[in-house]
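*Asks:* Here is how the chains run, residue by residue.
2 protein chains.
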Amino acid sequence: MSEKKSIQLSHGGGGQEMGQLIKSVFFNAFDNDVLRREEDAAVLSLPGDTAFTTDSFTVSPLIFNGGDIGKLAIAGTANDLAMMGAKPEYLSCSFIIEEGFSLETLKTIAASMAEELSVSGAHIVCGDTKVVPKGCADGLFINTTGLGTVHASGISARNLQTGDAIIVSRDIGRHGATVLMNREGLELESDLSSDCATLWPAVEALIGAGIEIRAMRDATRGGLSAVLNEWASSSDVGISLNEADIPVCDEVRGLCELYGMEAFDLANEGTFVLAVPAEQADVALSVLQWFPFCPQAAVIGSVKDERKGKVVLNSAWGSSRFLELPQGELLPRIC
Amino acid sequence: MSEKKSIQLSHGGGGQEMGQLIKSVFFNAFDNDVLRREEDAAVLSLPGDTAFTTDSFTVSPLIFNGGDIGKLAIAGTANDLAMMGAKPEYLSCSFIIEEGFSLETLKTIAASMAEELSVSGAHIVCGDTKVVPKGCADGLFINTTGLGTVHASGISARNLQTGDAIIVSRDIGRHGATVLMNREGLELESDLSSDCATLWPAVEALIGAGIEIRAMRDATRGGLSAVLNEWASSSDVGISLNEADIPVCDEVRGLCELYGMEAFDLANEGTFVLAVPAEQADVALSVLQWFPFCPQAAVIGSVKDERKGKVVLNSAWGSSRFLELPQGELLPRIC
Chain A
238 MSEKKSIQLS HGGGGQEMGQ LIKSVFFNAF DNDVLRREED AAVLSLPGDT
288 AFTTDSFTVS PLIFNGGDIG KLAIAGTAND LAMMGAKPEY LSCSFIIEEG
338 FSLETLKTIA ASMAEELSVS GAHIVCGDTK VVPKGCADGL FINTTGLGTV
388 HASGISARNL QTGDAIIVSR DIGRHGATVL MNREGLELES DLSSDCATLW
438 PAVEALIGAG IEIRAMRDAT RGGLSAVLNE WASSSDVGIS LNEADIPVCD
488 EVRGLCELYG MEAFDLANEG TFVLAVPAEQ ADVALSVLQW FPFCPQAAVI
538 GSVKDERKGK VVLNSAWGSS RFLELPQGEL LPRIC
Chain B
238 MSEKKSIQLS HGGGGQEMGQ LIKSVFFNAF DNDVLRREED AAVLSLPGDT
288 AFTTDSFTVS PLIFNGGDIG KLAIAGTAND LAMMGAKPEY LSCSFIIEEG
338 FSLETLKTIA ASMAEELSVS GAHIVCGDTK VVPKGCADGL FINTTGLGTV
388 HASGISARNL QTGDAIIVSR DIGRHGATVL MNREGLELES DLSSDCATLW
438 PAVEALIGAG IEIRAMRDAT RGGLSAVLNE WASSSDVGIS LNEADIPVCD
488 EVRGLCELYG MEAFDLANEG TFVLAVPAEQ ADVALSVLQW FPFCPQAAVI
538 GSVKDERKGK VVLNSAWGSS RFLELPQGEL LPRIC
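The listed protein sequences derive, respectively, from chains A and B. Counted the way this note's numbering counts, the first sequence spans residues 238 to 572. Counted the way this note's numbering counts, the second sequence spans residues 238 to 572.
Hints are supplied without guarantee of correctness; some may be wrong.
No distinction is drawn between identical chains; accordingly, a pair holds when it is met within one copy or between any pair of copies.
Stated by the list, open to error - Pairs of lysine-lysine residues, derived as DSSO-like cross-links and limited to a Cα-Cα distance of at most 27 angstroms, are as follows: (1) Lys-242 - Lys-344; (2) Lys-371 - Lys-547; (3) Lys-344 - Lys-260; (4) Lys-541 - Lys-371; (5) Lys-545 - Lys-260.
These are computed hints drawn from the structure, not numbers from a lab. Everything numeric in this text was worked out from a predicted model, so none of it was measured.
Working from the sequences, and respecting the hints, build out all of it.
*Replies:* Structural data, given as structure tokens:
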């Protein structure tokens, strides 16, 4: 009886049991016309420019304050598309499941994926299920690969121009701090939750408002530091930040002090950075502030033609230092 | 020194080390214009109908007679596209690597992927790298997701028609038998190697020769039994097979006897089944026989309007039995 409620090796064998699992869990959650065809590949019509991106998710714990691996897998891949100005349209999903994994948890995660898909309107149109023996994986890994139709062109890490304003969509570091807190079983910061969210609605509104987005990226692994250093290097410009303008909530600040980390290096999963012409910054901010997942959108700095390739962090007290590309073993299995 | 030669958690952290790993191993092996742009997503133009498919690979051992997980990941996804009549064009690849994995082996596997890509001319245009702590995965898992341009339409498991000939492209069961042999350390069958191969060149030639392909599928997990049972059920037809016409090499036959398995249920990774109008069977066979990976292409049966939903296996001695959809714990981690 209890055996039936967990995933068995036979669920990945390509036979009857796999067919039943796929139908009862995945088709049930993700139902749509293309998926129902059950061919080796989905056949799609993709006019115009198409964005294509992939991500594997190995987050631990699988369920955290504000989300789970399923929500993360959908939002994460949708966000990589959105960051190229593309509307998420079609996703594949592939599960690597450890023998003995709870069927109930798998259903919960699939339901969470379906709910997150509804934010962008994207559909899962093909998938794959593998089961590995106990001890060969840690619970569940999910790969999602996405296709989106490009609605705005020219967005590129190479496209920053002197004078551009750098905007962040909300307070930084929540996802990394939340996963750390949940992993360590910390209670003290229990109001803290991940920023995990699908960003396409905000991006669509920015494009609709005519904002000329020069560069845009969600600040996932490596956090704000990684994105800005990559931009400074790719565009051969300097980026100057005002530390006091970068929103960080008290809980994240507290955890950073406790663990000796920097909020700039922590992963986010629903927070993005964009570079826009300075004169469009106010409009961009007012558009972002319509969205509940961009509560503290702020201009945090600007693009300079000095100190090229570097990100300079200016403190409220007049001192400044380089914000470096993160190095070393940051938090593993954050996404 | 030895630490530098294995993958560390920092290689998956989104910082400097990850950037170096991606450039030195993956960009080096898969170099192309789109990949070099290093954006969150690749931007592609995909006119006409596009096939989209995903697969995660967890094969054990990672290197086996006739291939490795890299070759398998490229051929497997390319084949899912080819089976829909689509030319493999663009692939994503995503690596989940266990901390401590050999950098040298990773390079070997990447080189093997690059070599297999050259068979179809497809390119890897985006990717992802995750590193999980020791014990959280077994060495290396790879997801490949592919996009292909559809060159022949109407190929479907629902499209079999009474009288169609059923063709298999070569002797069956090699991949499953080889992985089993390598895993068990058997020496006696050492001439045996996997059929692992990219099938697009043969499919392209069949389409070019004007063969009306009704249904086509590579016989991976669940083997020939799974494909034919699915077809019989989806098209609501009977499939009658002549056992003596189904090619099985002596080594596979021997291993099946030793382990009490059926060659029909064993996985293949470069063997496909197709249904074509009976009058085109000879032309299809002669086209297939041009290709070194289809050395024993053969008509193995035909589609009937009796015993609908069932596959009947007729022995050379006049007896017959149903070939059932495989059940239970076949070989795990075959692909």
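*Asks:* Decide, hint by hint, whether the structure agrees.
*Replies:* Status of the hints after comparison with the structure:
no.	hint	in the structure
1	Lys-242 - Lys-344	within (11 angstroms within a copy, 40 angstroms between copies)
2	Lys-371 - Lys-547	neither (46 angstroms within a copy, 35 angstroms between copies)
3	Lys-344 - Lys-260	within (12 angstroms within a copy, 38 angstroms between copies)
4	Lys-541 - Lys-371	neither (53 angstroms within a copy, 43 angstroms between copies)
5	Lys-545 - Lys-260	between (54 angstroms within a copy, 22 angstroms between copies)
The structure fails to meet hints 2 and 4 from the earlier list, while all remaining hints are met.
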